[in-house]
Amino acid sequence: MANAEHVKLLGFWASPFVRRVEWALKLKGVDYEYIEEDIFNKSSQLLELNPVHKLVPVFVHGERVIAESFVVLEYIDETWKQCPLMPQDPHERAMARFWSKFVEEKILFASWKSMCSLGEEKEKAAKLTVDAVEKIEGELKGKRFFGGESIGYLDIAVGWMSYWLPIWEEVGSMKILDPLQFPALTSWMRNFLEHPVIKENLPPRDKMIIYFQKRSQEFSSRPRG
Amino acid sequence: MAEVKLLGTWPSPFSYRVTWALKLKGIPYEYFEEDLSNKSPLLLQCNPVHKKIPVLIHGGKSICESIVILEYLEETWPQNPLMPDDPYERAIARFWVKFVEEKGVEVWIKLFSSGEEKEKAVKDSLEMLKTIEEQALGKKKFFCGDKISSVDIAYGWMARWLEVIEELAGVKLFEPQKFPRLHAWMKDFKDEPVIKGNLPGHDEMLVYFKHKL
Numbered sequence: 001m002a003n004a005e006h007v008k009l010l011g012f013w014a015s016p017f018v019r020r021v022e023w024a025l026k027l028k029g030v031d032y033e034y035i036e037e038d039i040f041n042k043s044s045q046l047l048e049l050n051p052v053h054k055l056v057p058v059f060v061h062g063e064r065v066i067a068e069s070f071v072v073l074e075y076i077d078e079t080w081k082q083c084p085l086m087p088q089d090p091h092e093r094a095m096a097r098f099w100s101k102f103v104e105e106k107i108l109f110a111s112w113k114s115m116c117s118l119g120e121e122k123e124k125a126a127k128l129t130v131d132a133v134e135k136i137e138g139e140l141k142g143k144r145f146f147g148g149e150s151i152g153y154l155d156i157a158v159g160w161m162s163y164w165l166p167i168w169e170e171v172g173s174m175k176i177l178d179p180l181q182f183p184a185l186t187s188w189m190r191n192f193l194e195h196p197v198i199k200e201n202l203p204p205r206d207k208m209i210i211y212f213q214k215r216s217q218e219f220s221s222r223p224r225g
Numbered sequence: 001m002a003e004v005k006l007l008g009t010w011p012s013p014f015s016y017r018v019t020w021a022l023k024l025k026g027i028p029y030e031y032f033e034e035d036l037s038n039k040s041p042l043l044l045q046c047n048p049v050h051k052k053i054p055v056l057i058h059g060g061k062s063i064c065e066s067i068v069i070l071e072y073l074e075e076t077w078p079q080n081p082l083m084p085d086d087p088y089e090r091a092i093a094r095f096w097v098k099f100v101e102e103k104g105v106e107v108w109i110k111l112f113s114s115g116e117e118k119e120k121a122v123k124d125s126l127e128m129l130k131t132i133e134e135q136a137l138g139k140k141k142f143f144c145g146d147k148i149s150s151v152d153i154a155y156g157w158m159a160r161w162l163e164v165i166e167e168l169a170g171v172k173l174f175e176p177q178k179f180p181r182l183h184a185w186m187k188d189f190k191d192e193p194v195i196k197g198n199l200p201g202h203d204e205m206l207v208y209f210k211h212k213l
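For the record, the sequence lines run as chains A and B. If you're matching positions, the first sequence starts at 1 in the UniProt record's numbering and goes up one per residue. If you're matching positions, the second sequence starts at 1 in the UniProt record's numbering and goes up one per residue.
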């Protein structure tokens, strides 16, 4: 049976993209072998398995190799049917895909940029992030999770906001997630982080602060092209 | 089944993706041409987040983002499938769709710059085309095998928009001897009756995009 074949995940401890895949696997109770990659000194295995992007996560199931975390999430959901992540209804599925794309494009990259830049550029990126967060706040509509009563695809896709974003705020000295402005999201963050599977699968905060401080300095000291 | 409406614009490759998918699957729909300089209340109501086309409206609910729409069409109307059956093949299809979504637009825009930035954009475009030729398409007729799929639709902008971009940016990227497989693909893609009957005219496109630059 296809589901019984060996599962391997190439990842990096601080990557939110890798963590998404781990959350999905753990929620579904799928056993996997985790291989930690040094993304600053990429292994030949990584370069061979993901020659197009040379990035983690790379997901291997038997002979099948898949890259890109959202693509991996959908594959996992279609292959292991227990604890379904995507909604059943096609329109709700479309909404989950739409919002995961939106958060990735408008919040993740903007907040990263804000963390890594200074002065006016930092302020501008922070403002764009806040504008985008307002939109996703509206999507919760009084639900416990984006998926309803239980964690779903969209929660996993945007889950990084509950843990990485507050760390980036601290490292970058910016304020994005104001609890008064975003009460639904603040509540969701708490629910998400308290979930037994998520709680046990987060990278250590102190290590994250040090790591992102270093990355942020590297980015801001790069010459402007 | 509830009625289907598509809000689009004639020069947009994203709009055409949805048109092609609807026609290939034989889904009846009503098309509304949007004036992006004077967006309709319907567009603003149905896509308040991005205010962009294409927007699909089905049974009163709206779906935005062309690739999200393609997946919705596939799940709601399973006839004349545009995605593979097998989950792994579907994952590969989605990977290549994402590739062109992320790399394509970014690179085209930079072709309209100058100097070093333009040189880099040309280099990046050629590398991207090489990856598509050798890894995405390989020896297959279409991206997922013998029939047109959502991946071909996602790359379909190459069928008309690429030549227009090349002309306006004054670059020659897509040469037959460099990319023989992609050239063969493009011919097969454009020969498909639904595509052939639904492509904007080359000259009109040239005029429209020249005006925009």
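No lab work stands behind these hints: they were computed from the structure. Idealized CB from N, CA, C, for every residue including glycine. A hint or two may mislead.
Not everything, but these chain B residues come out facing chain A in the computed CB check (under 7 Å) [unchecked claim]:
#	residue
1	Lys52
2	Ile63
3	Glu65
4	Val68
5	Glu75
6	Thr76
7	Ala91
8	Arg94
9	Val100
Beyond 10 Å from chain A on every Cβ pair, some chain B residues (computed) [claimed, not checked]:
#	residue
10	Cys46
11	Val194
12	Leu206
13	His211
Structure-based check of each hint:
1. Lys52: Because about 12 Å separates Lys52/B from the closest Cβ in chain A, which is outside the 7 Å limit, the hint is violated.
2. Ile63: holds, 5 Å
3. Glu65: Holds. Min distance 6 Å.
4. Val68: This hint holds: Val68/B lies near chain A, its Cβ roughly 5 Å from the closest one there, short of 7 Å.
5. Glu75: holds, 4 Å
6. Thr76: holds, 5 Å
7. Ala91: holds, 4 Å
8. Arg94: holds, 5 Å
9. Val100: With Cβ-Cβ at 12 Å, over 7 Å, it is violated.
10. Cys46: Since the minimum Cβ distance to chain A is about 12 Å, Cys46/B lies beyond 10 Å and the statement holds.
11. Val194: holds, 23 Å
12. Leu206: Holds, because the least Cβ-Cβ distance between Leu206/B and chain A comes to about 30 Å, which exceeds 10 Å.
13. His211: holds, 28 Å
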